[in-house]
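Enquirer: Residues per chain, in single letters:
There are 2 protein chains.
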Amino acid sequence: MNATHAELRQFPVQDDCLQIAGIALTRLAERVGQTPFYAYERKHIQSRVAALRQMLPARVHVHYAIKANPMPALVQMMAPLVDGFDVASSGELKTALDAGMAPSHISFAGPGKRDTELRSAVAAGVLLHLESEQEMERAAHIGEALGMTPRAAIRVNPEFELKHAGMKMGGGARQFGVDAQRVPAMLRKMASLGLDFQGFHLFCGAQNLSASAICEAQRLCVQLSLQLAECAPSPMRMLNIGGGFGVPYFPGERALDLAAVAEGLHTAAQLLCSTSPQTQLVLELGRYLVAEGGIYVCRVQERKFSHGQVFLITDGGLHHHLAASGNFGQVLRKNYPVAIGNRMRAGPREMATVVGPLCTPLDVLAEHIELARAMPGDLVVVFQSGAYGLTASPIAFLGHPPPLEVLV
Amino acid sequence: MNATHAELRQFPVQDDCLQIAGIALTRLAERVGQTPFYAYERKHIQSRVAALRQMLPARVHVHYAIKANPMPALVQMMAPLVDGFDVASSGELKTALDAGMAPSHISFAGPGKRDTELRSAVAAGVLLHLESEQEMERAAHIGEALGMTPRAAIRVNPEFELKHAGMKMGGGARQFGVDAQRVPAMLRKMASLGLDFQGFHLFCGAQNLSASAICEAQRLCVQLSLQLAECAPSPMRMLNIGGGFGVPYFPGERALDLAAVAEGLHTAAQLLCSTSPQTQLVLELGRYLVAEGGIYVCRVQERKFSHGQVFLITDGGLHHHLAASGNFGQVLRKNYPVAIGNRMRAGPREMATVVGPLCTPLDVLAEHIELARAMPGDLVVVFQSGAYGLTASPIAFLGHPPPLEVLV
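These protein sequences, in sequence, are chains C and U.
Everything in the first sequence is counted per this note's numbering, starting at 1 for the first residue and increasing by one.
Everything in the second sequence is counted per this note's numbering, starting at 1 for the first residue and increasing by one.
No lab work stands behind these hints, which were simulated from the structure alone.
Treat the hints with caution; some may be incorrect.
To be verified - Straight-line C-alpha distance at most 27 Å; calculated BS3-like pairs for lysine-lysine:
| id | chain 1 | residue 1 | chain 2 | residue 2 |
| --- | --- | --- | --- | --- |
| 1 | U | K334 | C | K334 |
| 2 | C | K168 | C | K334 |
| 3 | C | K163 | C | K94 |
| 4 | U | K163 | U | K334 |
| 5 | C | K334 | U | K43 |
| 6 | U | K334 | C | K168 |
| 7 | C | K334 | C | K163 |
| 8 | U | K43 | U | K94 |
| 9 | C | K163 | U | K334 |
| 10 | U | K334 | U | K168 |
| 11 | U | K168 | C | K334 |
This structure is a prediction, so every number in the text was calculated from the model and none was measured.
With the hints as extra help, turn the sequences into a complete structure.
Expert: Put into structure tokens, the structure is as follows:
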């Protein structure tokens, strides 16, 4: 049996048409006024955060990593739902502050922070996740210049790797964080530089669908932070253990077992609390909160036949959704879950390839996939598109108009 | 012996610093006023076009495919150098017309032309490369509505494939063009629809470094067009055989043997001329004209060590130059040619990995490459970056400021 996509139940179907926030997709397309567009459902994202909070230990804070989807309206909606934001640039810092998040609940990570970025972060009073000794020195210098005490945590590159991660971000030689064995010396230096030590940031990898691997990494992160905290100039007030919770994109992938992750997190939180009760445990999630609540929608322009195969030529493509085209971190191209949004169940089905308008063979949204038999005007939906969609795509490529984004 | 990058001789070195258009890179960076930036050298691009024209048969027209680099100043410079432009969207059509190219020398190709695009193309009087029977019907309909006769060529999907192409765009089931065996019927229909038949467009594949493969494909294209022209409603006035000339990006790749390509093209042009003397042969080139005259420049923010390896953290990365990060059509990541632009020859060398500021392990500009030992403030140059650079990149990713482009 061929591997299949995990069943998607987040959007109901009525009269054969997908419903987003209770609105038929065909009507939503009219309301948006154009295709292609991204639509993110408030209710789904709110429910996802609520479900997560219900399962997690109450004392664990949940942060939203804006990089996953920085649409201002979405970030604004997220602000009261989560305990903080993580930002990765000055641009994201502005979005976070504009959304009304208190600076004390914003953290700033990233291996290449420029002086201008450090300066605005220190001026704003957000928490710096220091990625190197040099960055610490630069931050201290900027703090002096501004007459402010930068709040700082150290991002640690641990010895261990996160198993089954879609993207590894720790273990071995990495551009992220400070190798664990150098952290004690850095902590001693930090005291002399007059920075306000807050704690540690450990993030091993992204897009992980294995609960046991996540639990193991979280346990190791807590243990390592407790060891490192012994060298700290002041108590560890915060431990950010990242996130990395994956969502199923490709055939054969299944949803993360959140109950199992929560159970592991209870254990990790207890371990932390018993040794270091003053430490706030922070989980930082991006993709897991927003990916499944979002879709990308484009319109079939033409049914085309070539050598016996059906091509659905759409007005959307890789310039709007690079990840779905298989050109963002995938080695072998696999299909995202795709459907004809106004022909969800009825009518004949066929094998088809969905492509965009670009003059490149890379512009494929789905290859040899079973779909309802579609006609020009029909709406192609790419699911699991709420994270790393629009902003991770080369929208200027070939000079086509950009898609819109709506939060419904 | 390990494969090496082809030697790059387009930019001289003076006082250990790369010179672009006679300007030291360090000074150019000051003049631009920021890093990162793309710089394209007028002289190199002009020389490339001149060299090509000198070697090619005089009667072959050279078109510039704007998609390779649509920077307005560059397109403007190109207008008087080439015989025409090819565009792939309404956006590119606007750029072409703004640059002063006569509509009669502009062609518009692309598998998903929207009605609004067809309408503006017909209104402008440019040549449509029809990619399907339905598109022909839509174009005819729009012509009627506007009271104009659309000028049209048929893009043909030939039976043969282009060997050694980096990206195949013909042969087998494709979204591009019309399967060759259906073209005769389409030509008969075209007459009845009142379109002004101009000829054919055949394009088999891009980024090819094999002269013999290109010559063979061009010969086959001419033969096929002559066969198909027998069914045409009027003489074939134009044959666009695409381009697909590659440039060496990766270790082991060597420059295309242009003399061999030119020789093959002489033969192909003679074959065409002897049977169909009224047919203008058109070569459409993008990458080959502009890739090697362009560089991407970013600045080292930090030298970082992790587990014995050197990482150069720069202010540029995948968000500006997706192809160099290995995420644009590559299956296995390979390094573009990269150098420290202000330490071209002197000083110690080392193995280093060049990364950007993004919080993703995909953000790598060069991995384990031998470079001059660089310090913060030094300039990293990614060569062969004049085509499919900025516009093929997700510039909004993580909210960093965009790079600038300069034509010098």
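Enquirer: Give a verdict on every hint.
Expert: Checked hints:
1. U/K334 / C/K334: Answer holds: U/K334 to C/K334 is near 21 Å, not above 27 Å.
2. C/K168 / C/K334: holds (20 Å)
3. C/K163 / C/K94: Judged against 27 Å, a Cα distance of about 34 Å means the pair is violated.
4. U/K163 / U/K334: It holds: about 21 Å lies between the C-alpha atoms, which stays within 27 Å.
5. C/K334 / U/K43: This hinted pair is violated, its Cα atoms lying about 43 Å apart.
6. U/K334 / C/K168: Answer holds: U/K334 to C/K168 is near 19 Å, not above 27 Å.
7. C/K334 / C/K163: holds (21 Å)
8. U/K43 / U/K94: holds (25 Å)
9. C/K163 / U/K334: holds (25 Å)
10. U/K334 / U/K168: holds (20 Å)
11. U/K168 / C/K334: Distance ~19 Å between U/K168 and C/K334 Cα, so the pair holds.
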